[in-house]
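Colleague: Using the sequences and the accompanying hints, generate a full structural model.
Here the protein sequences come in this chain order: A and B.
Okay, so the first sequence: first residue is 1210 according to the numbering used here, each after it adds one.
Okay, so the second sequence: first residue is 10 according to the numbering used here, each after it adds one.
Worth flagging that the hints you see were computed from the coordinates, not collected in a lab.
All C-beta atoms in this analysis are idealised placements derived from N, C-alpha and C, irrespective of residue type, glycine included.
Hints may be right or wrong, so weigh each one.
[To be verified] Pairwise CB distance ranges, derived in the manner of DEER restraints: (1) A:L1384 / B:N435: 54 to 62 Å; (2) B:Q284 / A:Q1406: 47 to 55 Å; (3) B:E274 / A:P1419: 28 to 36 Å.
[Said to hold, decoys possible] Taking lysine to aspartate or glutamate pairs in the EDC-like style, the calculated list, with each CA pair at most 16 Å apart, reads: (4) B:K172 / B:E274; (5) B:K360 / A:E1575; (6) B:K196 / B:D220; (7) B:K334 / B:D437; (8) B:K334 / B:E274; (9) B:K349 / A:E1485; (10) B:K334 / B:E269; (11) A:K1490 / B:D380; (12) B:K503 / B:D485; (13) A:K1412 / B:E455; (14) B:K221 / B:E243; (15) B:K349 / B:D485.
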Amino acid sequence: MLALRSALHYLAGQLRQVGLFIALIVIILFFQVTTNGITLAPINVSNLIVQNSYILILAIGMVMVIIAGHIDLSVGSVVAFVGAMSGVMITQWGLPWWLAIIFCLAIGALVGMWQGFWIAYFGIPAFIVTLAGMLTFRGLTQIALQNQQISPFPDSFRSLGSGFLPDLGGGTSALEPLTVIIGVIATVALVAQDLRQRAARRKHNLEDEPFAWFLAKMIFTALLILLITYLLAGYRGTPIVLIVLGLLTVVYSAVMANSVWGRHIYAIGGNRFAAELSGVKVKRVTFTLFVNMGILAALAGLVFTAQLNLANPKAGDGFELDAIAAVFIGGAAVTGGIGTVMGAIIGGLIIGILNNGMSILGVGTEYQQLIKGLVLLAAVAFDVFNKRRAASSTK
Amino acid sequence: MTTNILEMRGITKTFPGVKALQDVSLEVQRGHVHAICGENGAGKSTLMKVLSGVYPAGTYEGEIHFENELCEFKDIKGSEAAGIVIIHQELALSPYLSIAENIFLGNEQARNGFVDWNRTNLEASKLLARVGLNDNPITKITDLGVGKQQLVEIAKALSKRVKLLILDEPTAALNDEDSAHLLGLIKHLQGQGITSIIISHKLNEIKAIADKVTIIRDGRTIETLDMHADEISEERIIKGMVGRDLDQRYPDHTPTIGAELLRVEDWTVHHPVDQSRQVVKNASFNVRAGEIVGIAGLMGAGRTELAMSIFGHSYGTKISGRVYKNGQEIKTNTVSAAIKHGIAYATEDRKHYGLNLLDNIMRNVSGAALDKLSRWGWVDSNKENLVAEGYRRSMKIKAATVAAVTGKLSGGNQQKVVLSKWMFANPDVLILDEPTRGIDVGAKYEIYTIINQLADEGKGIVVISSELPELLGICDRIYTLSEGRITANVPREKATAEYLMQYMTQEKEA
Chain A
1210 MLALRSALHY LAGQLRQVGL FIALIVIILF FQVTTNGITL APINVSNLIV QNSYILILAI
1270 GMVMVIIAGH IDLSVGSVVA FVGAMSGVMI TQWGLPWWLA IIFCLAIGAL VGMWQGFWIA
1330 YFGIPAFIVT LAGMLTFRGL TQIALQNQQI SPFPDSFRSL GSGFLPDLGG GTSALEPLTV
1390 IIGVIATVAL VAQDLRQRAA RRKHNLEDEP FAWFLAKMIF TALLILLITY LLAGYRGTPI
1450 VLIVLGLLTV VYSAVMANSV WGRHIYAIGG NRFAAELSGV KVKRVTFTLF VNMGILAALA
1510 GLVFTAQLNL ANPKAGDGFE LDAIAAVFIG GAAVTGGIGT VMGAIIGGLI IGILNNGMSI
1570 LGVGTEYQQL IKGLVLLAAV AFDVFNKRRA ASSTK
Chain B
10 MTTNILEMRG ITKTFPGVKA LQDVSLEVQR GHVHAICGEN GAGKSTLMKV LSGVYPAGTY
70 EGEIHFENEL CEFKDIKGSE AAGIVIIHQE LALSPYLSIA ENIFLGNEQA RNGFVDWNRT
130 NLEASKLLAR VGLNDNPITK ITDLGVGKQQ LVEIAKALSK RVKLLILDEP TAALNDEDSA
190 HLLGLIKHLQ GQGITSIIIS HKLNEIKAIA DKVTIIRDGR TIETLDMHAD EISEERIIKG
250 MVGRDLDQRY PDHTPTIGAE LLRVEDWTVH HPVDQSRQVV KNASFNVRAG EIVGIAGLMG
310 AGRTELAMSI FGHSYGTKIS GRVYKNGQEI KTNTVSAAIK HGIAYATEDR KHYGLNLLDN
370 IMRNVSGAAL DKLSRWGWVD SNKENLVAEG YRRSMKIKAA TVAAVTGKLS GGNQQKVVLS
430 KWMFANPDVL ILDEPTRGID VGAKYEIYTI INQLADEGKG IVVISSELPE LLGICDRIYT
490 LSEGRITANV PREKATAEYL MQYMTQEKEA
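Modeller: The following block contains the structure:
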């Protein structure tokens, strides 16, 4: 009885994290039923991942910016600008696709340096600097493209957005072998990592997570990965962009949790003055944060352009808002200091599944906007409510 | 005619766990300038907040009689309607509005809901003339110096037909010239029949303008002295302010003092906004290994400013002077440079400057020395866990694990986290700014013990405190700071509260 109560108490503390997962599952199940099983059909799952990949890449950079207490409104325009430059480089200058990708990422870094300079060293609020960036980079896009579209791109470049890893089964097996191998390895790695960390924490007597909860969480995540593996293996295999996204998620989660730089980002967002008085080089960290955002925005621009096979002056319009919404649905605090990369990914997936499910159901875009707006509001209202409840229970 | 305009009788005000005021009485005669004196935290400001309705009737015991009527103010509006206006230490002006708009803020000179700008500015300039300010009323507040802003506050009070003007430390932020002007103005208003209550630490000012002075200590009225009847010396007032038994306990400690660790010479710091004002003036001091050095000073003496300007130039502009570490001159222009040279500063305001309240104990403890726990930019979180857990136990931080969020800890435990953070950074010199502010007596004793331990490890400790008994209880040597100057360097044997207070209130050498 006591154990049950303490377990419930622990779960209440994890309400935000658990709530997000439950919301995701409920939404998936809802669409699975209402679309008569189309939502979780292999082809749709594959499309879902591919079509939301660039928003998720942006959300990873955005959650870091928001944790530090800033915002970036320019990423949509940067996506367009980088897409345009990739088109110019590949089709007009005839550069090889890999060199174009390197140059484009460098452009993203330059964009980040430009904005980071004004924010970190000149002291202009990020809202203003990136609002200006939103306009200037949109303008530069139109100049670079001379208001024309560029299309098509070579297949090698397009595979970054819409390609799949080679099919080891020769297209004849029911389940694509390479995808199965990757899925199993990922699952084993995840379980091993979880067990290792728990063992280390237990050794130092620092564990506060109930074992049942730990086990449930681990099994659930493992099953989720295996389910996605199964679905993907039943269609065309592993999208290349999923590998990119998976690596980014793992690397950036680790960076935010365990690197000095990541810690400094949390410290600045949590209390800028305390960070400064602890010797954190606030300006330098802020600057590099925006350089990082610029590079990720460039990567998102490349993926998007490759996927559409088109560089378009209007590309990326409103992407910044989707990315910001994903971050806040994922539990980041508006005032900074709180948020996780994983949360932003789940927030992005919720938006993606809402878009996808409503499109399948034939809901008009006007209602899609309306519902997404209400979901964002509900998620943040839930946060605020939760925080107030927690505050009153400790007094 | 000697009628009292104000009588406060038996005022008792209790905060959770603390009696801030206990049976305080105050009588102020009409037309007088009445000073209130007392140490930091004696209860002066609380008493004035009771009087002005900041603490509404019902939240305190006792009676307030103003102009022979029992008053029960529900809020500041109520006391202002009666003619009592308080001007706080931190001025309450809106910086980007004009002088005239500020004077009539909340009391707009309007007709049918629209502001009558002619009348606003005309009335404002009349009021400005009364306080001796000849700036244009459409000037923005941000373009005025602090001295003139203070005058605008008084003009605003006059616009409310003030009968009793309360000034809380009015000259704390002013230079000598502005102070003299302000005191002259208070005298001048007295001539026009306005009674004033002035809270001040500056005894020479009190001597210059006050008719009577009431001394408050530990939340009680000690005495009221008539400044005209008998020749009251500054020593007499000091005696009333500090004359209390040292009833707090301090751990015994025999220091082992070694070589000089840190020496600061000719340290001068200017105010970050009002750059003409020197906040710290030619301060020189040193601290030796194993020594606990105190810095005593009243509010506004420049204690925190001195410490923060040394620690990575975190306060002030136009900083000059030299810092020596082990006899070598060092530069401490950035916080990380200061930390690298083995200097640490634990802030007086841990909530705003000390902790990330959103994050857990572990990450706060490691925050100032992450490089010790990391290789190639990656933090070894197991090691970090162990370190933090070690401090949780040795410092007796009351929390189940180091994963507890610091925002939910008590003040004493938060302070222990701050101390742990700097202990882990392992500095040679540790500057502790108000290390026991806002924490209970038991936790204070623990903090003193930790400070002694650190000194015994051979570190140099600088303790800044506004509580004289605390400094007398733990320090081997005490510097007194008055208006940005170091006025005395007092060894433990000679230090008494009266002796220190004399130098803490000393004006600049004539």
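Colleague: If a hint holds in the structure, say so; if it does not, say that too.
Modeller: Hints, one by one, checked against the model:
1. Between A:L1384 and B:N435 the CB atoms are about 57 Å apart, so this pair conforms to the stated range of 54 to 62 Å.
2. Evaluation of the 47 to 55 Å hint for B:Q284 and A:Q1406 yields a pass: the beta carbon distance comes to about 53 Å.
3. Judged by the Cβ atoms, the range 28 to 36 Å given for B:E274 and A:P1419 is violated: they are separated by roughly 59 Å.
4. Between B:K172 and B:E274, the direct Cα distance comes to roughly 48 Å. Violation of the 16 Å bound is thereby established for this hinted pair.
5. Restraint check: the Cα-Cα separation between B:K360 and A:E1575 comes to about 46 Å, which exceeds 16 Å; the hinted pair is violated.
6. Restraint check: the Cα-Cα separation between B:K196 and B:D220 comes to about 11 Å, which is no more than 16 Å; the hinted pair holds.
7. A threshold of 16 Å between alpha carbons decides the hint, and for B:K334 with B:D437 the separation of about 9 Å falls inside it, so the pair holds.
8. A distance of roughly 12 Å separates the Cα atoms of B:K334 and B:E274; the hinted pair therefore holds under the 16 Å criterion.
9. A C-alpha spacing of about 14 Å is found between B:K349 and A:E1485, which places the hinted pair at or below 16 Å, so the restraint holds.
10. Only pairs whose Cα atoms come within 16 Å are accepted, and B:K334 paired with B:E269 is accepted, the gap being roughly 8 Å.
11. Pair hint A:K1490 plus B:D380 holds up; C-alpha atoms about 13 Å apart against a cutoff of 16 Å.
12. Distance hint between B:K503 and B:D485 is fulfilled; the C-alpha atoms sit about 11 Å from each other, no more than 16 Å.
13. Between A:K1412 and B:E455, the direct Cα distance comes to roughly 30 Å. Violation of the 16 Å bound is thereby established for this hinted pair.
14. The straight-line distance between the Cα atoms of B:K221 and B:E243 is roughly 13 Å, inside the 16 Å bound, and the hint therefore holds.
15. About 26 Å separates the Cα atoms of B:K349 and B:D485, which puts this hinted pair outside 16 Å; it is violated.
Hint check: violations occur at hints 3, 4, 5, 13 and 15; the rest are consistent with the structure.
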